[in-house]
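Trainee: Listed below are the residues making up each chain.
Protein chains: 2
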Amino acid sequence: MSTKRIAGPEIERLIQLLAKVPGLGPRSARRAALHLIKKKEQLLSPLAAAMNEAVDKVRICSTCGNVDTADPCMVCTDPRRDGATIIVVEDVSDLWALERSTAMNARYHVLGGTLSPLDGVGPDDLTIGKLVDRVAAGGVTEVILAVNATVEGQTTAHYVTDRLAGLSVRVTRLAHGVPVGGELDYLDEGTIAAALKSRTAF
Amino acid sequence: MSTKRIAGPEIERLIQLLAKVPGLGPRSARRAALHLIKKKEQLLSPLAAAMNEAVDKVRICSTCGNVDTADPCMVCTDPRRDGATIIVVEDVSDLWALERSTAMNARYHVLGGTLSPLDGVGPDDLTIGKLVDRVAAGGVTEVILAVNATVEGQTTAHYVTDRLAGLSVRVTRLAHGVPVGGELDYLDEGTIAAALKSRTAF
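Keeping their order, the protein sequence lines are chains A and B. Numbering-wise, my numbering puts 29 at position 29 of the first sequence, and it's gapless, one number per residue. Numbering-wise, my numbering puts 78 at position 78 of the second sequence, and it's gapless, one number per residue.
Incorrect hints may appear among the rest.
Note that the list lumps identical chains together, so a pair holds whenever it fits in one copy or between two copies.
Said to hold, decoys possible - Here are the computed lysine-lysine pairs in the DSSO-like style, where the Cα-Cα straight-line distance is at most 27 Å:
no.: 1; residue 1: LYS130; residue 2: LYS57
no.: 2; residue 1: LYS130; residue 2: LYS197
no.: 3; residue 1: LYS40; residue 2: LYS130
no.: 4; residue 1: LYS130; residue 2: LYS20
no.: 5; residue 1: LYS38; residue 2: LYS130
no.: 6; residue 1: LYS39; residue 2: LYS130
no.: 7; residue 1: LYS197; residue 2: LYS38
no.: 8; residue 1: LYS20; residue 2: LYS38
It is worth saying that the hints were derived from the structure and are not from the lab.
Please build the complete structure, drawing on both the sequences and the hints.
Mentor: Structural data, given as structure tokens:
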């Protein structure tokens, strides 16, 4: 697809847009486009329809920041969930990851990122104020900070803890330690030190 | 996205369909879906439109087997191309790869695969008959067999050569040798032997 045109602009446009999808690059986008075109009825057409439907229906939950076709979202309106516990995450993908673990049955709060002064991300760019409002409204007994174990994540966790300080709510964070199935030989020193420090009775 | 539902079925359907795109798996499809939803206006909406347009307009060229929005395709109707040379390829992706090299300015013929008796692919499942017809119609002086250097590709090349035997056309194939930029140390013995055998004056 260089100087000489070998196909209509519609195909090149499809390739260009596919190349912007995370996980695909310019080369794999070309392969993907060709596969989609070959499976027009079975894959390309349903995928286009599913995308159109997502464009029309998907919105951000105004309570927790989850993405869903309903607002408030399914998680916020699910009566079987424990409304007294809010798990704070950086991104919707983290919410999904926690749900896959099926370990908790709580509600969530998506911050929308981490504090990062260098990138110009301050507290007002995240949904921290909304979280404080949710907790201040009452009924919440525990806030679990499930942010990433990165410098930015931990900085954000500290800031959120400060903001929640005046409210009668227990603030906890995820445990550090050896990943299940993990081998000590491949772990960094920080994780091993944290796992030793938080050792439990056998 | 396990037993408990955390989002509407529209989002899960989008993820399921994205997971069928080559280059994406179940995990990266989830990440891709989230990214697309977040970039609704900039990416999801244009991509859905581009796919719909491809569904409507893209077709297989009835002459050469290329995919395009026109039939005959741009390659077949381009008056600046040398119609006397036909490059035979297995798949449209090979046609695109050859065009990227910009080495030739010929027309193409897409076989649609290789002969593979074990998989039940016989000569009638490929477009070999059509190629013979194109050559028999006259005006073609050379057929370049640009099939893959695999057992199936070479078997198919031999069969195509046999079928073209009665016609006054020169049948050639791609040279074997050291890839440009390739290191001998990493090449297989077959390639080195072929490169030695086809050595040229320096």
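Trainee: One pair to classify: LYS40 and LYS130, alpha carbons no more than 27 Å apart. Within, between, both, or neither?
Mentor: Cα proximity of LYS40 and LYS130: across copies only (23 Å, versus 44 Å in one copy).
Trainee: Between the shortest in-copy and the shortest cross-copy C-alpha distance, which are at most 27 Å for LYS197 and LYS38: within, between, both, or neither?
Mentor: Neither. Shortest intra-copy (56 Å) and inter-copy (39 Å) distances fail the 27 Å Cα cut-off.
Trainee: Between copies, within a copy, both or neither: which fits LYS130 and LYS20 at Cα up to 27 Å?
Mentor: Neither, since 32 Å and 38 Å both go past 27 Å.
Trainee: When no copy is named, should LYS130 and LYS57 be tagged within, between, both, or neither for a Cα gap of at most 27 Å?
Mentor: within (24 Å within a copy, 47 Å between copies)
Trainee: Tell me, please, which holds for LYS39 and LYS130 at an alpha-carbon limit of 27 Å: within, between, both or neither?
Mentor: Cα proximity of LYS39 and LYS130: across copies only (23 Å, versus 45 Å in one copy).
Trainee: How would you classify LYS130 and LYS197 at a CA-CA limit of 27 Å: within, between, both, or neither?
Mentor: Neither, since 34 Å and 74 Å both go past 27 Å.
Trainee: One pair to classify: LYS20 and LYS38, alpha carbons no more than 27 Å apart. Within, between, both, or neither?
Mentor: Both. Shortest intra-copy (21 Å) and inter-copy (13 Å) distances satisfy the 27 Å Cα cut-off.
Trainee: Since the copies are identical, ignore which copy is meant and state whether LYS38 and LYS130 lie within 27 Å (CA to CA) inside a copy, between copies, both or neither.
Mentor: Classified as between; 20 Å across copies, 47 Å inside a copy.
Going down the numbered hints, you'll see the structure goes against 2, 4 and 7, while the others check out.
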